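J.: Starting from the known structure of chain Y, arrange chain V on it as the hints suggest.
Number of protein chains: 2
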Amino acid sequence: MPQLLCYRLQPAARLIRLMLAEYEIDIEIKEMRPWRRDTAYLEIDPAAEGPVLMIEDHAPIVGLTAVLMYVEENLSLTEPGRALMPATVEARAETRRLMDWVQFKLNDEVSRYVIEEKFVRRDTGGTPDPSVLRAAKANFNEHLHYFSFLFATRRWVAGDAMTLADFALAAHISALDYLGDVPWDDVPEVKGWYQRIKSRPAFRTLLNDRIGALPAAKHYADLDF
Amino acid sequence: MPQLLCYRLQPAARLIRLMLAEYEIDIEIKEMRPWRRDTAYLEIDPAAEGPVLMIEDHAPIVGLTAVLMYVEENLSLTEPGRALMPATVEARAETRRLMDWVQFKLNDEVSRYVIEEKFVRRDTGGTPDPSVLRAAKANFNEHLHYFSFLFATRRWVAGDAMTLADFALAAHISALDYLGDVPWDDVPEVKGWYQRIKSRPAFRTLLNDRIGALPAAKHYADLDF
Numbered sequence: 753m754p755q756l757l758c759y760r761l762q763p764a765a766r767l768i769r770l771m772l773a774e775y776e777i778d779i780e781i782k783e784m785r786p787w788r789r790d791t792a793y794l795e796i797d798p799a800a801e802g803p804v805l806m807i808e809d810h811a812p813i814v815g816l817t818a819v820l821m822y823v824e825e826n827l828s829l830t831e832p833g834r835a836l837m838p839a840t841v842e843a844r845a846e847t848r849r850l851m852d853w854v855q856f857k858l859n860d861e862v863s864r865y866v867i868e869e870k871f872v873r874r875d876t877g878g879t880p881d882p883s884v885l886r887a888a889k890a891n892f893n894e895h896l897h898y899f900s901f902l903f904a905t906r907r908w909v910a911g912d913a914m915t916l917a918d919f920a921l922a923a924h925i926s927a928l929d930y931l932g933d934v935p936w937d938d939v940p941e942v943k944g945w946y947q948r949i950k951s952r953p954a955f956r957t958l959l960n961d962r963i964g965a966l967p968a969a970k971h972y973a974d975l976d977f
Numbered sequence: 753m754p755q756l757l758c759y760r761l762q763p764a765a766r767l768i769r770l771m772l773a774e775y776e777i778d779i780e781i782k783e784m785r786p787w788r789r790d791t792a793y794l795e796i797d798p799a800a801e802g803p804v805l806m807i808e809d810h811a812p813i814v815g816l817t818a819v820l821m822y823v824e825e826n827l828s829l830t831e832p833g834r835a836l837m838p839a840t841v842e843a844r845a846e847t848r849r850l851m852d853w854v855q856f857k858l859n860d861e862v863s864r865y866v867i868e869e870k871f872v873r874r875d876t877g878g879t880p881d882p883s884v885l886r887a888a889k890a891n892f893n894e895h896l897h898y899f900s901f902l903f904a905t906r907r908w909v910a911g912d913a914m915t916l917a918d919f920a921l922a923a924h925i926s927a928l929d930y931l932g933d934v935p936w937d938d939v940p941e942v943k944g945w946y947q948r949i950k951s952r953p954a955f956r957t958l959l960n961d962r963i964g965a966l967p968a969a970k971h972y973a974d975l976d977f
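These protein sequence lines map, in sequence, to chains Y and V. Heads up: the first sequence begins at 753 in the numbering used here, then just goes up one per residue. Heads up: the second sequence begins at 753 in the numbering used here, then just goes up one per residue.
Just chain Y, same shape as in the assembly:
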C-alpha cells in the first residue's frame, strides 16, 4: 500500500489525502514531524516540508506539487463528472488561480502561523504567541470575506463544478477547524459550501483524525455543525 509521510494536521497532506480518497486509493499515513529534522527523513526531503509519497518500485515523491501532479497524472479518475481538474482552458485557469490563492496566500497569511503557534510550538515544548494568532485571525477574516464573495455566485470555489481548488481550500479550512479557528456563524456562504464538501465520502479520511494530545474542536466531525 502507498505510504504518505506527513503530519495529520498538514494542509498540503490533507489535500493529497482528499484526492486519494476521492480516487478510491487506500494509503497508509506515516506520521512525520518535519521540523524535528530527523536525519533519515531529511535525506529524502531536504526542504523538510513534506508530504512524501512512497510507492513501490519508485523513488520517493517529495513535496506538494510533485505528489499532487503524480496523483493527477497517474491515479485520477477521468469518467465524466469524476475528474477534479476541469477540461476547458478557462476552468483550468480558474481552478489553478484559486489553488495558488490557497497554497501561497492563505497558507502564508493564516494557516502556517496558526499551525506553527498552536501545533508545532506545543510539539517543541514552546507556547503560542497570542499576537501572531491575532494577526492570523485578522488575515483569515479577510480571506473568508473573499470566499464568501465567491460563494455568493458559485456553488464551488472555481465555478459550478467541484474541482481540486475545493479540496485545496477544504484541506486548509479543515485543519483550522480542527483547532477551532473558523468563525462559522460569521460566514454562512462558506459554511454552506463546507457542509456540502464535508458530506462527501472522501472527507471521512480527515474527520476520523485524532491528533495525539491535541483534541479536535467539538463540532469538527459533525456534518451538521
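The reader is advised that the hints may include incorrect statements.
All copies of an identical chain are treated as equivalent in the list; a pair is satisfied when it fits inside any one copy or across any two copies.
Keeping only pairs whose Cα atoms sit at most 30 angstroms apart, straight-line, the calculated DSSO-like set for lysine-lysine is [to be verified]: (1) Lys970 to Lys857; (2) Lys889 to Lys857; (3) Lys943 to Lys889; (4) Lys870 to Lys782; (5) Lys889 to Lys970; (6) Lys943 to Lys870; (7) Lys857 to Lys782; (8) Lys857 to Lys870; (9) Lys970 to Lys870; (10) Lys943 to Lys970; (11) Lys857 to Lys943; (12) Lys970 to Lys782.
Hints were generated in silico from the structure; no laboratory data involved. Note that the coordinates shown come from a computational prediction; the quantities given were computed from them, not determined experimentally.
T.: Just chain V now, with coordinates in the frame of chain Y:
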C-alpha cells in the same frame, strides 16, 4: 500578440518569460505594480500577485501556476530534447520537488524580502530595512550551499537534462543578480550552471531588461562574469 502583465523584476514572471522565449513565442510585457492596488487590475487579479497572461479570445489567465500550466499544456515544444518537463515519473517528480523549493522556500526566505526591500519600498517612497536584508542574505547562503551540493553531481538542477526547474531557479537568481545580490565568487558550481543557462538564446529576454530608475548590477548582462 499575448500580453504578460507583470513587473520585470518579478521572479514568477521571469520564469514565464523564459518559457515563452524557449518556446519561441513573442509576448508584449505590460509593466504592472500589483502593490499599487490599481482598481482595474485588482478586478482581474484580486490576489494582487500576478503575473497575468492576456490572450485573445480567452479570459485573463491569472497567477503563476495558471499561466505556467497554460503555457505547458498549450504552447510547449514536444520535440525530443526541447521539452522542459521530462517524461519519466522520477524526473518529473524531481523537477517539481525543486520547483517547489524555489517557489515556496527560496521565494519565502530570500527573493521576496530582497525585492520588497530594494524595489517595492523604493517604488512606494520608503527605504530598505538593513536587518531584513541581512537575514535574507544569510538565508540565501544556505540555499546556495544546497544548490552547490546538487551541482557537484548534476549538470542541471533536476538531473542531466535542463528542465523547468532550471528556469524557475534562474528566474530568481537573475532577479537577485540584477540587484547585485549573488556572491558569485563563493559558489563556483552555481556560477558554472548560471553561465550555461545564461548563454541560451531564451535568456536574452531577461538580460535586456532595464528597470526604470534602478540600474542593473554591472555584470548583469555579461555572459562572462
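J.: Hint by hint, say whether it matches the structure.
T.: Here is what the structure says about each hint:
1. Lys970 to Lys857: For Lys970 and Lys857, the Cα distance is within 30 angstroms only inside one copy (28 angstroms; across copies 35 angstroms).
2. Lys889 to Lys857: both (14 angstroms within a copy, 24 angstroms between copies)
3. Lys943 to Lys889: within (17 angstroms within a copy, 43 angstroms between copies)
4. Lys870 to Lys782: within (21 angstroms within a copy, 43 angstroms between copies)
5. Lys889 to Lys970: within (20 angstroms within a copy, 45 angstroms between copies)
6. Lys943 to Lys870: within (23 angstroms within a copy, 42 angstroms between copies)
7. Lys857 to Lys782: both (28 angstroms within a copy, 24 angstroms between copies)
8. Lys857 to Lys870: Both ways: Lys857 and Lys870 sit 19 angstroms apart in one copy and 22 angstroms across, limit 30 angstroms.
9. Lys970 to Lys870: within (17 angstroms within a copy, 47 angstroms between copies)
10. Lys943 to Lys970: within (16 angstroms within a copy, 55 angstroms between copies)
11. Lys857 to Lys943: The answer is within: 20 angstroms in one copy meets 30 angstroms, while 32 angstroms across copies does not.
12. Lys970 to Lys782: Within one copy only: 25 angstroms inside, 51 angstroms across.
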